[in-house]
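Protein chains in written order, with this note's numbering: chain G, 1 to 226; chain D, 1 to 227; chain W, 1 to 224.
Calculated directly from the structure, the hints in this document are not laboratory data. On a predicted model such as this, the values are computed, not experimentally measured, just so you know. Think of the CB as a built atom: it goes at the ideal place given N, C-alpha and C, for glycine as much as any other residue. Treat the hints with care, as some may be off.
As the list claims (entries may be wrong) - Some residues of chain D that are not near chain G, with every Cβ distance over 10 Å (derived): (1) 132; (2) 140; (3) 141; (4) 198; (5) 202.
To be verified - A partial selection of chain W residues facing chain D, derived with a Cβ cut-off under 8 Å: (6) 135; (7) 210; (8) 219.
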Amino acid sequence: MSTFQQALFVARKDLLLGWRARTRTLAVALFGMVTLVLFSFAVAADGEVGVSAAAGFLIVALLLSSILSLEESFRLETEDRALEGLLLLPVDPVAIFYGKAIANFVLLVLLGPVLLPLTAIFFSLELDGANLLSLALLWVLAAAGIAAPGTLYASMTSRVTGRDVVLPLLLFPLTLPILMAGVRSFDLILRGDAMSQLKGWTLLLAAFDLVYWVLCGALFSRTLEE
Amino acid sequence: MRNVATGIGLLGILLLLVGSYVGLFVAPPERHMGDVQRIMYVHVPTAWIGLLCSTFAMIFAVAYLWTGRNRWDDRLVGALEISVILGGLLLVQGMLWGRVTWGVWWTWDVRLTTSLIMFLLFAGVLALRSFVEEPLRRATWSSVATIIAYVDVPLVYFCVRWFRSLHQMPSSPETVHSSMIIPLRINAFAMLFIAIWLIAWRARIESKSRGAERPPERIEIKGALNG
Amino acid sequence: MTPSVITRSLGKRFGRKWALAHVDLEVAAGQGLLVVGDNGSGKTTLLRLLAGLLLPTLGEVEILGSSPQQPGSEARSHLSLVGHQGFLYEALTPLETLALWNRLGGRRKSVAELENLLAEAGLAADRDTRVSGFSSGMRKRLSLTRLDLENPRVVLLDEPFSALDRAGREWLLSTLSRLRAGGAALIVASHDPQRAAPICDRAVRIERGQISWQGSLGDLESAS
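Just chain G, with the same shape it has in the complex (with noise of 0.2 Å):
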């Protein structure tokens, strides 16, 4: 089995055992959900904000979501230390981080469906075809950089005390270039380009997602030493 097939068959694993927990998973989503709704009150009681900020709140609800997400998927490992299990087999340390990174992004692309309707329902936002495109595909590239960064300190953080703590601290201020550029793109969607600067906040926003998979990829076997 290559590397690659390895990672599809941990990431297949990973998603199956989703499945299987999928009240937990619905409640992550249902966490989300709140979160926005709390936000809404926090700022305006009637809901009224500009379309930045409804961006804001849904990338930060998505944050807060992630750390759920993230620390259940490391929480199975380690349950038993079945990714010990998986570490005598021999399988590249590496296809285990790309196939549950991969687990991961699907989980948190899984609720760009949920989260993206409420934030345009609650704050009165208008979605077209056109502009529901370009929102997956900027949710897609925001998932994808969380998903990396996360699945390696989720890693971590399982492994020690206070890791609820730890791991929001670590993940936030890396994720924060994710949080701007996802809203600017949001709001160049929704209200215009007129300088054509969308093009250039994508770019970034993919440029980080190389460069994490790839750093994170490279340094995950090197956590796994004891």
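For this one, chain G is given, so just place chains D and W on it according to the hints.
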């Protein structure tokens, strides 16, 4: 080695005194801001050396992962802590400047914002260290987290620059008159030397706290040797 | 012929504490070594070092001529570790668990063969029940089916007899005897020398991380 580092440190302190004196009393006041601008003589060097120390941290992190030698982790701790301290100082200086110059404690100026995020990134690595007791793991994870944090810095910088470009934010002066460059350079070297001294000192403390490198005495094995 | 398992001056430090030091061992193919020692003496650390899950602080480990530390190494594909924990995913069924180990381990057993393995372990009836519903005895059996799946040349076992009833122990002993007869080297860490007697001929005692006694299994009883 220890004496070299101490010597460098003392030189640094001396230079800082000289540079500060020049900056405070000898250099001319700035055209628009007057004497307030003199904070630049510590602010700019703090920024330069802070960035340099975080680069040292990155280098030490890579060195640790490459060689596995504990001395690089010791130095990494030093570099991380000094970066965070300088980062904190930078933020405070920036806030003071802003308060006096524009009347606000904080602006989302590109450099101030990036400094804040850098501070958080590297403080996060130190926080991670405090949660990991086992030294091998702690060293490896710190190195990994440092590399990831450092790579983020240019990304953050560009993001913030574009993000805030619609809003004209006041920022510190870009061009510097030659009579001001001298105290700046003196202080920059001063802070560099002090930073090196402190990093070396911290590394030594860390290395001592790691304890005995050698295993306990070999005990006698009883029983049949060919069992 | 080179022994299957060799350690030279093996030492492992966690922080300030040396969990293991100056460990020199050799186990040849077809031999069984029993490792006895109190809790915290270093038995588990030793097994984990042999499996490649831990990096030695000092010294080296050689399994079948290579180091087990490299993930893709020759050594890893020929060794099995059965530890305290089962390495199980709670939400998978035993059949899925074996399929996972089968595929990721690069082996090509068919579903029918996997089902046979489960039957031999006495888990046929539960093959579609999730592991979360298993008793500790069943979990142990599932973990141990890995041995039949992987057919290793080096077998590392940490308290393998705990949580097993008599039928389970007999099944395990017959599996281990078969593996030994086929040339596998066995290293068993156990509190219970009697149970391990059928499959081990030599023993070492570990005290505070170092080997304090070594000899044949028969001598162990008289020594303690």
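Hints, verified against the model:
no., hint, in the structure
1, 132, "violated (6 Å)"
2, 140, "violated (5 Å)"
3, 141, "violated (5 Å)"
4, 198, "holds (24 Å)"
5, 202, "holds (22 Å)"
6, 135, "violated (33 Å)"
7, 210, "holds (5 Å)"
8, 219, "holds (6 Å)"
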